[in-house]
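Engineer: Chain order of the listed sequences is A and U. Going by this note's numbering, the first residue of the first sequence is number 1, and it counts up by one from there. Going by this note's numbering, the first residue of the second sequence is number 1001, and it counts up by one from there.
Just so you know, these hints were derived from the structure itself, not from any lab. There could be a bad hint or two in this list.
Said to hold, decoys possible - Derived Cβ-Cβ restraints for the label pairs, each shown as a range: (1) A:S5 to U:D1089: 35 to 41 Å; (2) A:L2 to U:E1038: 45 to 51 Å; (3) U:G1009 to A:V34: 40 to 46 Å; (4) A:R6 to U:E1077: 38 to 44 Å; (5) A:L23 to U:E1103: 16 to 22 Å; (6) A:A60 to U:L1127: 34 to 40 Å; (7) U:E1104 to A:Y48: 47 to 53 Å; (8) U:L1127 to A:N39: 15 to 21 Å; (9) U:V1072 to A:R6: 21 to 27 Å.
What the hints assert, rightly or not - Covered stretches of chain A, as calculated for chain U (at least 3 residues, CB under 8 Å): (10) 27 to 41; (11) 45 to 57; (12) 72 to 79.
Yeah, the Cβ is synthetic: ideal placement off N, Cα and C, and Gly gets one too.
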Amino acid sequence: MLVLSRRREEKIVIGDDIEVVVLQVGQDGVKLGVRAPSNVTVFRGEIYEQVASANRAATAIRPPSSAVLDALRDRKQQASDAD
Amino acid sequence: MAIAETPHGPIEYQSSQVFCMDGGLVGFCDATRFVLIENSEVEPLRWLVSVDRPELAFLVVDPRLLIPDFRVHLRDEERMRLELTDDDDVLLLAITVVGETSEEATANLKAPIVVNPRKMTAAQVVLIDSEYSVHQPLLAASAG
């Protein structure tokens, strides 16, 4: 892993169009600003892991049981009745 | 007409049905083109199939079926990515994990997929401050 020392307001540049700026340095945390193109998604690491792992879990699906589908169909029916 | 061989059987689709998720689904950056398939066997769920990687086939649900007032606040970058204008109506999809029993079934309401049907663009949006989880119980969702 590349390790770089930076002070407040200094930045690092990744590729041509991603910038990470150190905004604030505290006792047990730093605040970073990230500037990236709109097609680059930026997440806190733990959030990325949580969503990626949920997505992975959803690929190993079995066909839904009729109990689940029936309950959802009832709900849809109720919603359209309410309209 | 093209065919994607999913683990649940082949599905046919038109190229005009393909929408583009720039950057891919979270954790699957090489899966950027998807189709949404209606199927009476799983209705009101729908299949979301990656045409780049047809082994990735998800069952998705409209989150508003679970939470009638479910809302997504998009950040400017996300609106730009989706090429959304104020007049566009978006389509919301939550990825589900449905098992044998109703109790086990969950939907990811923390990171729904937002589709702009006008531009055929989509993004999986992470709602950082959401009260909902990535494994929100599917059928208890609106009870609380």
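Engineer: Each hint needs a verdict: does it hold in this structure or not?
Structural biologist: We went through each hint and held it up to the structure:
1. A:S5 to U:D1089: 35 to 41 Å: 49 Å, violated
2. A:L2 to U:E1038: 45 to 51 Å: Given a distance of about 48 Å, which is inside 45 to 51 Å, the answer is holds.
3. U:G1009 to A:V34: 40 to 46 Å: 42 Å, holds
4. A:R6 to U:E1077: 38 to 44 Å: 24 Å, violated
5. A:L23 to U:E1103: 16 to 22 Å: Hint violated: Cβ distance 45 Å, outside 16 to 22 Å.
6. A:A60 to U:L1127: 34 to 40 Å: Violated: the Cβ-Cβ distance is about 24 Å, outside 34 to 40 Å.
7. U:E1104 to A:Y48: 47 to 53 Å: 25 Å, violated
8. U:L1127 to A:N39: 15 to 21 Å: 19 Å, holds
9. U:V1072 to A:R6: 21 to 27 Å: Since the Cβ atoms of U:V1072 and A:R6 sit about 35 Å apart, the hinted range of 21 to 27 Å is violated.
10. 27 to 41: Result for this restraint: holds, n = 4.
11. 45 to 57: holds (count 10)
12. 72 to 79: With 5 residues close enough to chain U, the hint holds.
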